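Participant: Each chain, written out:
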Amino acid sequence: MTPPSMTNRPALRPGCRLSPASNPESLLLIPEGALRLQGPGRQILELCDGRRTLAEIVEELYRLFPSADASLIAGEAVSFLERLHAKGTVEFL
Amino acid sequence: MITPPRALIAEVTHRCPLHCVYCSNPVQLQAIELPTDSWARVISDAAALGCWHLHLTGGEPLARRDIEELAQTGHDAGLYVNLITSGVGLSAGRLQRLVEAGLDHIQLSFQDSREAPANVFAGARAHAHKLEVAARIREHRVAFTVNLVVHRGNLDHLNELIGLAEDLQADRLEIAHVQYYGYAVENRDRLLPTRSQLEASIAIVEKARERLEGKMRIDFVLPDYYARFPKACMGGWGQGLILVDPAGRAMPCHAAGVIPGMSFDSVEEHSLARIWEYSGAFTRFRGDEWMREPCRSCERKAIDFGGCRCQAMILAGDAAATDPVCTKSPQRSLVDAIVDRVNREPAVTEAGDWVYRIGPSNKVPTC
Ligand code: SF4
Ligand code: SF4
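Protein chains in written order, with the working numbering: chain A, 24 to 116; chain B, 312 to 678.
Read the hints as simulated data drawn from the structure, not as lab findings.
Be aware that one or more of the hints could be misleading.
What the simulated footprint calls covered on chain A by chain B, stretch by stretch (three residues with Cβ under 8 Å from a Cβ of chain B suffice, anywhere in the stretch; the number is not a length) [to be verified]:
#, stretch
1, 36–49
2, 97–111
For lysine to any residue, the following SDA-like pairs were computed, each having C-alpha atoms within a straight-line distance of at most 25 Å [what the hints assert, rightly or not]:
#, chain 1, residue 1, chain 2, residue 2
3, A, K110, B, G568
4, B, K542, B, G568
5, A, K110, B, R317
6, B, K526, A, R75
Please read these numbers as outputs of a predicted model, since none were measured by experiment.
Glycine residues also receive a C-beta, built at the ideal position from the N, C-alpha and C atoms.
Build out the structure end to end from the sequences listed, making use of the hints.
Facilitator: In structure tokens:
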């Protein structure tokens, strides 16, 4: 697969959604299962609305996690979304 | 505290307009059905207990007129709502109402890529209708899975079947070799694929997965008669799933009725939480206390839990035996005999002689 470009707009695929905020656990609910979200996983996916570009999402993340190393955030967010894309739960519009 | 169930499988009715030759419903179908308010309570209880998913299934769940209401109840309770359907009865209006109710996922079954054999396996003229329903589903932003049950009779069309799911723009494709429960046991010799068919199917799925990565996810279930070790049936007895049958009986698995001496508590008499924790049906094979050798001292018991209790019952006549598909089972020869016979004998190609699923309140199929 070619890696997503910074102008792509990631979005959750139909039938993939975050568990209600009232749930004790943070999950990505998908057909036939769920993925446990760790670290900033939930915040990243909340930004994947199909309107923001990957570049804009990374910028938001800098704001949300000011103490973290910027290049680390960008790299981690992209590889996290690539993994979810391979699982069929995220699309790059 | 035991871990809570993660999914409620709501078998809301056993009525179905199809008569599939591999239907996994029990051969003794249930004619009694819980009323809407009872189902609504069970669904809310399941969410409170810790379930994430609600699977509305049957039979054909659309045979119930209140399925939209039940989907809404599930959604309001925070559950991920999945409808498993043959497509019969999914009009544009009902689909629209289901999506508005918060339906997350639809699984639509196909019996073959070609109309004539598809209708033979379903015992009904349903294939053309399913194609229309699939197009209708794709007009909505809902996850769409195409379910294919594969067997000796349709496995040679596997490439075509995958092509069909692509044409229908499914998000996900589930290819499941027949599991031998319910009606499938009656038709086993005609359904079990040959070894060369099985190997070909594995290669085809592998290639398709590569080609479709990120586009259409493919889940593939192998026939365990050909496996060396059993599947971790239901993710372990009473570990993650709770099934409620049309009459409200709570079961650890859809086939558990084949096990003698099982009594299933009714959701009309006990809370789901109580049933999950204490009901005899759920505690009987939970954990590993019940195991005998070779499972008891086997390092794989935490992986496959000794396999499937219902399969042990069906094949070995003993629900507490090691699943006979396991190479370590002293009864593996029972499975080998079936596999050998099927591989020696030519495929049966005539349409007749299938045992069709009939009832409750269904006529014998005419096509
Ligand atoms: S007859 Fe076919 S469609 Fe109906 S419940 Fe059984 S497998 Fe499903
Ligand atoms: S002996 Fe029992 S636990 Fe071990 S692999 Fe076979 S079925 Fe599983």
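Participant: All hints are to be evaluated individually against the structure, with a verdict given for each.
Facilitator: So, going through the hints one by one against the coordinates:
Proximity of the stretch 36–49 of chain A to chain B, defined as three or more residues with a beta carbon under 8 Å from a beta carbon of that chain, is established by the 9 residues found. Three residues within the 8 Å Cβ limit are the bar, and the stretch 97–111 of chain A against chain B gives 4, so the coverage statement holds. The suggested pairing of K110/A with G568/B is violated, with an alpha-carbon distance near 35 Å, which exceeds 25 Å. As the CA atoms of K542/B and G568/B are separated by approximately 19 Å, the hinted pair is consistent with the 25 Å bound.
For the hint pairing K110/A with R317/B, the CA-to-CA distance comes to about 20 Å; that is within 25 Å, so the pair holds. Pair hint K526/B plus R75/A holds up; C-alpha atoms about 21 Å apart against a cutoff of 25 Å.
Comparing the model with each numbered hint stated earlier shows that hint 3 is the single one that does not hold.
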